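There are 2 protein chains.
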Amino acid sequence: MNPTNIGIVAGTLTSIAAIPQVIKTLKTRHAKDISIWQPLLLAVGVTLWMVYGILIHDLPLILANITPLACNGILCGLKIYYDRISA
Amino acid sequence: MNPTNIGIVAGTLTSIAAIPQVIKTLKTRHAKDISIWQPLLLAVGVTLWMVYGILIHDLPLILANITPLACNGILCGLKIYYDRISA
Chain A
-13 MNPTNIGIVA GTLTSIAAIP QVIKTLKTRH AKDISIWQPL LLAVGVTLWM
37 VYGILIHDLP LILANITPLA CNGILCGLKI YYDRISA
Chain B
-13 MNPTNIGIVA GTLTSIAAIP QVIKTLKTRH AKDISIWQPL LLAVGVTLWM
37 VYGILIHDLP LILANITPLA CNGILCGLKI YYDRISA
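Quick mapping for you: the protein sequence lines, in order, are chains A and B. FYI, in the working numbering the residues of the first sequence are -13 to 73. FYI, in the working numbering the residues of the second sequence are -13 to 73.
Hints are not guaranteed to be accurate.
[Said to hold, decoys possible] Below, a list of computed lysine-lysine pairs in the DSSO-like style, where the Cα atoms sit at most 27 Å apart:
#1 10(A) to 18(B)
#2 18(A) to 18(B)
#3 13(B) to 10(A)
#4 13(A) to 10(B)
#5 18(A) to 10(B)
#6 13(A) to 18(B)
#7 13(B) to 13(A)
#8 18(A) to 13(B)
[Claimed, not checked] Short, incomplete list of chain B residues facing chain A, as computed with Cβ under 10 Å:
#9 -12
#10 17
#11 25
#12 62
These are calculated hints, taken from the structure and not from any lab test. Please read these numbers as outputs of a predicted model, since none were measured by experiment. For each residue, glycine too, the CB sits at the ideal point set by N, CA and C.
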């Protein structure tokens, strides 16, 4: 397997990693065990990755961060919402 | 702020993002709300990022993935362990 293909698989896995957590949290409607800091740091971090991608004109870098930004943004909202209604 | 500095901040935030979750899970000894898939996909994904970094001789890429690999590997273990003892 050449380096580019390994990079593509790596990027795909890290991009989709938060999807199962969003699905699980929506199903259980419970997020007490989740630290708000992980989705928050990831949301801010991937936003800066996108800014960096825009500044250096790197389209794959911009595209790869759309899914994690959406997922981690949603997770921050779900964490705050479910903690509040289950408090 | 130049693109390189934005990239460094982005990389630092996404690298350290899983640390608070490891600390929280160790403190609460409870991981029911966490999907095993997120740390598992991230652990495999960042391992492949490191392999990619090694193949293209990119030291920052290798170094940036050490912390997430350690954290997400630990989280997989904690998730399995605490789910088993609290079952």
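Quiz prompt | When the least beta-carbon distance from residue 17(B) to chain A is tested against 10 Å, hint result | solution = holds (5 Å)
Self-check item: Pair hint outcome, residue 13(A) versus residue 18(B) [Cα-Cα no greater than 27 Å]
Solution: The hint holds at about 13 Å.
Exercise. Starting from residue 13(B), check that the Cα of residue 13(A) is at most 27 Å away, please.
Key: holds (25 Å)
Quiz item: Under the criterion of a CB-CB separation shorter than 10 Å, is residue 62(B) in contact with chain A as hinted?
Solution: violated (12 Å)
Practice problem: Sort out whether residue 18(B) lies within 27 Å of residue 10(A), counting only the CA atoms. | Solution: holds (10 Å)
Quiz item: Holds or violated: is there a CB of chain A closer than 10 Å to the CB of residue -12(B)?
Solution: holds (8 Å)
Exercise. Quickly compare the C-alpha distance for residue 18(A) and residue 10(B) to 27 Å and report which way the hint goes.
Key: holds (10 Å)
Quiz item: Taken at face value, is the distance from the CA of residue 10(A) to the CA of residue 13(B) at most 27 Å?
Solution: holds (22 Å)
Quiz item: Does residue 18(A) pair with residue 13(B) here, judged by a C-alpha cut-off of 27 Å?
Solution: holds (13 Å)
Practice problem: Take a quick look at whether residue 18(A) and residue 18(B) sit within 27 Å of each other, Cα to Cα. | Solution: holds (9 Å)
Quiz item: Taken at face value, is the distance from the CA of residue 10(B) to the CA of residue 13(A) at most 27 Å?
Solution: Answer holds: residue 13(A) to residue 10(B) is near 22 Å, not above 27 Å.
Self-check item: Status of the residue 25(B) interface restraint (C-beta, 10 Å, chain A)
Solution: This hint holds: residue 25(B) lies near chain A, its Cβ roughly 8 Å from the closest one there, short of 10 Å.
In this structure, only the earlier hint numbered 12 is contradicted, and the remaining ones agree with it.
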